[in-house]
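Protein chains: 2
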Amino acid sequence: MQGKRTPGLRALAFDVFGTVVDWRSTVIREGRALGQAKGLDVDWPAFADAWRDGYGPSMGRVRRGELPWKTIDELHRMILDELLARFGIGGLSEAEKEDFNRVWHRLDPWPDSVDGLARLRREFIVASLSNGNVALLVNMAKHAGLPWDAVLSAELAGRYKPDLEVYRKAADLLGLAPGEVMMVAAHKGDLRAAGAAGLRTAFVPRPRERPNRDIDLSYDAAFDVNARDFLDLADQLGT
Amino acid sequence: MQGKRTPGLRALAFDVFGTVVDWRSTVIREGRALGQAKGLDVDWPAFADAWRDGYGPSMGRVRRGELPWKTIDELHRMILDELLARFGIGGLSEAEKEDFNRVWHRLDPWPDSVDGLARLRREFIVASLSNGNVALLVNMAKHAGLPWDAVLSAELAGRYKPDLEVYRKAADLLGLAPGEVMMVAAHKGDLRAAGAAGLRTAFVPRPRERPNRDIDLSYDAAFDVNARDFLDLADQLGT
Numbered sequence: 001m002q003g004k005r006t007p008g009l010r011a012l013a014f015d016v017f018g019t020v021v022d023w024r025s026t027v028i029r030e031g032r033a034l035g036q037a038k039g040l041d042v043d044w045p046a047f048a049d050a051w052r053d054g055y056g057p058s059m060g061r062v063r064r065g066e067l068p069w070k071t072i073d074e075l076h077r078m079i080l081d082e083l084l085a086r087f088g089i090g091g092l093s094e095a096e097k098e099d100f101n102r103v104w105h106r107l108d109p110w111p112d113s114v115d116g117l118a119r120l121r122r123e124f125i126v127a128s129l130s131n132g133n134v135a136l137l138v139n140m141a142k143h144a145g146l147p148w149d150a151v152l153s154a155e156l157a158g159r160y161k162p163d164l165e166v167y168r169k170a171a172d173l174l175g176l177a178p179g180e181v182m183m184v185a186a187h188k189g190d191l192r193a194a195g196a197a198g199l200r201t202a203f204v205p206r207p208r209e210r211p212n213r214d215i216d217l218s219y220d221a222a223f224d225v226n227a228r229d230f231l232d233l234a235d236q237l238g239t
Numbered sequence: 001m002q003g004k005r006t007p008g009l010r011a012l013a014f015d016v017f018g019t020v021v022d023w024r025s026t027v028i029r030e031g032r033a034l035g036q037a038k039g040l041d042v043d044w045p046a047f048a049d050a051w052r053d054g055y056g057p058s059m060g061r062v063r064r065g066e067l068p069w070k071t072i073d074e075l076h077r078m079i080l081d082e083l084l085a086r087f088g089i090g091g092l093s094e095a096e097k098e099d100f101n102r103v104w105h106r107l108d109p110w111p112d113s114v115d116g117l118a119r120l121r122r123e124f125i126v127a128s129l130s131n132g133n134v135a136l137l138v139n140m141a142k143h144a145g146l147p148w149d150a151v152l153s154a155e156l157a158g159r160y161k162p163d164l165e166v167y168r169k170a171a172d173l174l175g176l177a178p179g180e181v182m183m184v185a186a187h188k189g190d191l192r193a194a195g196a197a198g199l200r201t202a203f204v205p206r207p208r209e210r211p212n213r214d215i216d217l218s219y220d221a222a223f224d225v226n227a228r229d230f231l232d233l234a235d236q237l238g239t
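Residue numbers (this note's numbering), protein chains in the order written: chain L, 1 to 239; chain R, 1 to 239.
Any given hint might turn out to be false.
If several chains are the same, the list does not tell them apart, and a pair holds so long as it fits within one copy or across any two.
Only pairs whose alpha carbons sit at most 27 Å apart, straight line, appear in this in silico DSS-like list of lysine-lysine [as the list claims (entries may be wrong)]:
1) Lys97 to Lys169
2) Lys97 to Lys70
3) Lys188 to Lys97
4) Lys38 to Lys188
5) Lys38 to Lys70
6) Lys169 to Lys38
7) Lys70 to Lys169
8) Lys70 to Lys188
For the record, the hints were derived by calculation from the structure and aren't laboratory data.
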């Protein structure tokens, strides 16, 4: 089982938030529904962006050892509690907060994600490789119908991307050399780190992930593949 | 998502060798094919039994700290090298030995396994929980069409069943309390340990696993469920 056009390639490891699923639209939609139910007046796009903006810095505190290991569920909850205060949102029960925090388990896929993964899976092992914890990724896969062969997570390395150990651990768990695995991501920093760990790289820009931000979406010859979406990736890998 | 007849049950964790797949028939069949190709005269049923019989003691050496952590692939290979000598099998190249060692990645499922897992998966998270390493389980799932939501392995705990940490780690990775997870196995020792770790238990005897051994196949009220096969398990769990 290896790609006709990519000798030696055995597995694809996917970044998830933004690459496979559209976190922003889902968080905004669920925020609006919660706001209607509770009579809240909140700028939900700004709330979604702020929640996501808190993610990198909170992982950074774990990566630098300022916080002990915490799952993304725990980090999302820390950020949520700060945002509820900042946005002046009161009146939510503990159960309501916990349920809203789990919106990250219920993110919807991009239109090409499920079909693209299904095609790629015919020829390669397809695995998640997300900073999201295993429980989050398993629940998301059931929600969104993502046909993973393996749910791999930074949690299994006890480190967060872009630490190189995360990419190496993924290859090791699959019983493969790093060069037999291709990281697929919409974010160039993730791919540069994967490349430094010896993985191959595929860039799939997702212009709708953060439509209100100036993100670098340009193809780059430093990556082994640049693809428009997962169907184009399947075409280019010959599956 | 929880069983109609089993309040609070969210996930099923399956032992794999013997419970989901028929290791003995597959090893015998591949042994015979190898023997024909290489002109070997070997009692392949005895060889298969001896290979499997080496498994518990070699894991025991890891569990007691007499060996550093080794994956099941590594332990299977240690045993294989002993057996090739004991059965007087020569003339295999390193690539042939390595390929034969990977027969454990290509085991065939019992006739009810795939359909049963697919039914159970509609209502529960279905995960492997095997002493087999992740790579072995991922390759086996692709070979046999096993529709796991999550490939969990003792490897992720760095311990082997029946150490209780393996069962607890599985529940933790799924974000569940032990009592929200049911261990499914054909082996009573596995279930007793799972129960001691706080998991629920389902016994599915597999009389064809070791037809030449006197194995305890009797139902036992100590387990939460006793089922004839995975379809009967799905019936009893109301899925």
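Verification of the supplied hints:
Only between protomers do Lys97 and Lys169 lie at most 27 Å apart by alpha-carbon distance; the minimum there is 26 Å, versus 33 Å within a single protomer. Within a single copy, Lys97 and Lys70 get their C-alpha atoms as close as 18 Å, which meets the 27 Å cut-off; across copies the closest is 43 Å, which misses it. For the identical chains of this complex, Lys188 and Lys97 are neighbours neither inside a copy (33 Å) nor across copies (41 Å), given an alpha-carbon limit of 27 Å. Taking the shortest Cα distances, Lys38 and Lys188 never come within 27 Å of each other, neither inside one copy (39 Å) nor across copies (50 Å).
When the C-alpha separation of Lys38 and Lys70 is checked against a cutoff of 27 Å, the pair qualifies neither within a copy, at 30 Å, nor between copies, at 54 Å. For the identical chains of this complex, Lys169 and Lys38 are neighbours neither inside a copy (44 Å) nor across copies (37 Å), given an alpha-carbon limit of 27 Å. Both within a single protomer and between protomers do Lys70 and Lys169 lie at most 27 Å apart by alpha-carbon distance, with minima of 18 Å and 15 Å respectively. Taking the shortest alpha-carbon separations for Lys70 and Lys188, only the intra-copy value of 25 Å comes in at or below 27 Å, while the best inter-copy value is 35 Å.
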